Amino acid sequence: MRNVIGLFVLMAIFNCSESGNRNGVEILESWENGVVKKDRVNLAADTFIVNHYHDNYKLHMTGNVYYVDGVEVKHGEWRVLYPDGKNWSLNNFDKGVENGEYKTWYKNGKLNIWGYYSSGSATGNWTFYDTSGVVVKTFDATPRN
40 MRNVIGLFVL MAIFNCSESG NRNGVEILES WENGVVKKDR VNLAADTFIV
90 NHYHDNYKLH MTGNVYYVDG VEVKHGEWRV LYPDGKNWSL NNFDKGVENG
140 EYKTWYKNGK LNIWGYYSSG SATGNWTFYD TSGVVVKTFD ATPRN
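According to the working numbering, the sequence shown is numbered sequentially starting from 40.
Derived from the structure by calculation, the hints contain no laboratory data.
Here the structure is a predicted model, which means the values were calculated and not measured.
Worth double-checking, as some hints may not be accurate.
Calculated pairs, DSS-like style, for lysine-lysine (alpha carbon to alpha carbon, straight line, at most 27 Å) [as the list claims (entries may be wrong)]:
#1 Lys134 / Lys76
#2 Lys125 / Lys113
#3 Lys76 / Lys146
#4 Lys149 / Lys176
#5 Lys125 / Lys97
#6 Lys97 / Lys76
#7 Lys113 / Lys76
#8 Lys176 / Lys142
All chains should be modelled from the sequences, with the hints used to inform the complete structure.
Rendered as structure tokens:
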């Protein structure tokens, strides 16, 4: 009987390592050096946090998704980071469509672009900055009828 239980324990360990699921984190992709490239954590029945990593294992991109026919659909806030961990961009999605605040930053941490999306279209005032943080251009991106 102990051998049967031992066999089941080994099978469970093997199955967990094959699926890449560790402590609730499912590893989806790895870099050639074995470092995790992409993982996800289940938040609810069909909602996950998806994390993409640089090859130095620092976070590259993170946000929530749900799946429709096996395809990731972004929903909510998504952040992209430079390899040193500083912000690169912030974007918001509503069921896969850009909706809400949008920002990008230069590597030096200064704001580059700041604007808004509504139902996938740029709208309202968009502001562009130079690398020292000085406004170089502002325009109203609201679609005209």
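*CA of lysine 76 to CA of lysine 146, is that 27 Å or under?*
Holds - the C-alpha atoms of lysine 146 and lysine 76 are around 22 Å apart, at most 27 Å.
*Given hint lysine 142 paired with lysine 176 - CA-CA distance at most 27 Å*: The hint holds at about 15 Å.
*Pair hint lysine 149 and lysine 176, alpha-carbon separation not exceeding 27 Å*: holds, 15 Å
_Can you confirm whether the C-alpha distance between lysine 97 and lysine 76 stays at or below 27 Å?_
Answer holds: lysine 97 to lysine 76 is near 10 Å, not above 27 Å.
*Straight-line Cα separation of lysine 125 and lysine 113 no greater than 27 Å?*
Distance of about 22 Å is within 27 Å: holds.
*Compare the distance between the alpha carbons of lysine 125 and lysine 97 with 27 Å, and conclude whether the hinted pair is satisfied.*
Holds - the C-alpha atoms of lysine 97 and lysine 125 are around 10 Å apart, at most 27 Å.
*Regarding the pair lysine 113 and lysine 76, is the alpha-carbon distance no greater than 27 Å?*
holds, 18 Å
_Tell me if the straight-line CA distance from lysine 134 to lysine 76 falls inside 27 Å._
Between lysine 134 and lysine 76 the Cα gap is close to 24 Å, so the pair holds against 27 Å.
Taken one by one, the earlier hints all hold for this structure without exception.
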